[in-house]
Amino acid sequence: MGCISTIITDGRRRTAVKHRPSRKAPVATPAVSDECKSSSAPADETPRPQQGWPPWLAAVVGDAIREFVPRCADTFQKLDKIGEGTYSNVYKARDLVTGKTVALKKVRFDNLEAESIKFMAREILVLTRLDHPNVIKLEGLVTSRLSSGLYLAFEYMEHDLSGIAARQNGKFTEPQVKCYMRQLLSGLEHCHNRDVLHRDIKCSNLLIDNEGTLKIADFGLATFYDPEREQVMTNKVVTLWYRAPELLLGATSYGIGIDLWSAGCILAELLYGKPIMPGRTEVEQLHKIFKLCGSPSEAYWNKFKLPNANIFKPPQPYTRCITETFKDFPPSALPLLETLLSMDPDERGTATTALNSEFFAAEPHACEPSSLPKYPPSKEMDLKLIKEKARRDSSKRPGAFHGSRMDGVHGRAGRLIPAPEATAENQATLHDF
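Under UniProt numbering, think of the first position of the sequence shown as 1, with each following residue one higher.
Heads up, some of the hints might be wrong.
Derived DEER-like restraints, expressed as beta-carbon distance ranges [as the list claims (entries may be wrong)]:
hint : residue 1 : residue 2 : range
1    : S395      : N193      : 49 to 55 Å
2    : K288      : E230      : 27 to 33 Å
3    : T353      : L96       : 42 to 48 Å
4    : S253      : S371      : 40 to 46 Å
5    : T281      : R391      : 43 to 49 Å
Subject to a maximum C-alpha distance of 30 Å in a straight line, what follows is the list of computed BS3-like cross-link-like pairs (lysine-lysine) [stated by the list, open to error]:
hint : residue 1 : residue 2
6    : K374      : K313
7    : K81       : K171
8    : K327      : K288
9    : K137      : K374
10   : K305      : K327
11   : K313      : K303
12   : K92       : K137
13   : K274      : K303
14   : K303      : K288
15   : K78       : K92
16   : K137      : K236
17   : K137      : K100
18   : K81       : K288
19   : K171      : K92
20   : K303      : K291
21   : K118      : K78
22   : K327      : K171
23   : K171      : K288
24   : K374      : K171
25   : K305      : K236
Since the hints were derived computationally from the structure, they do not count as laboratory data. Every residue, glycine too, gets a C-beta built ideally from N, C-alpha and C.
Using the sequences provided together with the hints, build the complete structure.
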């Protein structure tokens, strides 16, 4: 037996770092059955297990729990598994009371293993600070009194950008690219204004509903940051193909530039039709970055004094060639791409400056989300299952080659690009929690 909790905001939220006051409007509290209700905890007390919250959850989430009102977990029916990661599985489910379809993200705990608990706790704390049309909404929590499992309940989204790109064979029109990028940058603008770094922006973490609305999702690696001071954070974040060079060079103090670099990679990917820097290792990824974006100047090395500079500093300089490489891109896209893929994170600007760039002002303008093409359910996991079936079928044919794993996205001609083995989630450490 468990309970799901729907969120209400009461202004009592506390976090580990300084932050701006929340501007979220109160959300109406739904009626709950007597068996699911729990009395409110006094302001100076930590929620107790008998109030519906297990002590391990109360210990790491604290005040955020007080913003939820319990509901019975048996009013939800699992339908399909729609995603998985190192610490979690995601299921499509139906709310049997309202009939609404939701996504339930279940964290797997091995004897209350500390890192998996911290991943979930940090995601809860971050999501309760955010409220924006282009950021996924946390709708509730489900805890079980019989196990240490925990669910996060989200609004259900039918697609992710990785799945849609594969169905399109990577071919988007300029208005479609502008539509997706405007929504991504609007969501990032909100996150950064609330002092939140996402730290794993990639196509499969950008969910899209049937009305074309894009929402940034999977905040398991997100963290709070204070732009006014330096703080030590892990650099084992962001999936490899979208990871900024300063992280690969060992930076442990960074800011919004890492999310903007990822956004630049996605902009180029949508226009090019496939990932632009699909490295297999950190060394290869840096080499691809240097070849495209140029090797850093001496001023860069002296400014940042990165731990891995002596290891990865190229023996010969590379010339920056973004404009030459992508000469077929719309002319208005190139200045924005040059900015977002600046080697110096301080030169990448902000999500706000990106939204105000010539790319979005120039014609053709971004299309409306509702005018985007309609697709059957298109998620990265759906495509992986299709590819696995195709591999199994091909392996049964005489003379079939049994090669390396090819999970990934389609290129411009429908060719498979290997997926990055070094996903952010399975590399991250949590000393900066």
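Status of each hint after checking the structure:
The hinted window of 49 to 55 Å between S395 and N193 holds, with their beta carbons roughly 50 Å apart. Between K288 and E230 the C-beta distance comes to about 29 Å, which sits within the given range of 27 to 33 Å. Taking 42 to 48 Å as the suggested C-beta distance range, the pair T353 and L96 conforms, at roughly 46 Å. In this structure, S253 and S371 meet the distance hint of 40 to 46 Å, their C-beta atoms being roughly 42 Å apart.
At about 24 Å, the CB distance of T281 to R391 disagrees with the hint of 43 to 49 Å. Among the hinted pairs, K374 with K313 is inconsistent with the structure: their alpha-carbon atoms are about 46 Å apart, more than 30 Å. Annotation: proposed proximity of K81 to K171 holds, straight-line Cα distance about 28 Å (limit 30 Å). Between the alpha carbons of K327 and K288 the distance comes to roughly 18 Å, so the proposed pair stays at or under 30 Å and holds.
Between K137 and K374 the alpha-carbon distance is near 23 Å, which keeps this suggested pair within the 30 Å criterion. With a CA separation close to 33 Å, the supplied pair K305 and K327 exceeds the 30 Å bound. Of the pairs offered as hints, the one joining K313 and K303 holds, with about 14 Å between alpha carbons and a cut-off of 30 Å not exceeded. A distance of roughly 15 Å separates the Cα atoms of K92 and K137; the hinted pair therefore holds under the 30 Å criterion.
Distance check on the hinted pair: K274 and K303 sit about 33 Å apart at the alpha-carbon level, beyond 30 Å; violated. Taking the CA atoms of K303 and K288, the gap is near 22 Å; set against the 30 Å cutoff, the hint holds. Taking the CA atoms of K78 and K92, the gap is about 6 Å. The hint holds against a cut of 30 Å. Between K137 and K236 the CA atoms are separated by roughly 26 Å; this keeps the pair inside 30 Å, and the hint holds.
Taking the CA atoms of K137 and K100, the gap is about 14 Å. The hint holds against a cut of 30 Å. At roughly 35 Å between alpha-carbon atoms, K81 and K288 are farther apart than 30 Å, so this suggested pair is violated. A C-alpha spacing of about 28 Å is found between K171 and K92, which places the hinted pair at or below 30 Å, so the restraint holds. Simply put, K303 and K291 have alpha-carbon atoms about 21 Å apart, close enough for the 30 Å limit, and the pair holds.
Note on K118 and K78: the hinted pairing holds, with a Cα-Cα distance of about 25 Å set against a maximum of 30 Å. At roughly 17 Å between alpha-carbon atoms, K327 and K171 fall within 30 Å of each other, so this suggested pair holds. Distance hint between K171 and K288 is fulfilled; the C-alpha atoms sit about 23 Å from each other, no more than 30 Å. Of the supplied pair hints, the one linking K374 and K171 holds, its CA atoms being roughly 15 Å apart against a limit of 30 Å.
For the suggested pair K305 and K236, the alpha carbons sit about 18 Å apart, so the restraint of at most 30 Å is met.
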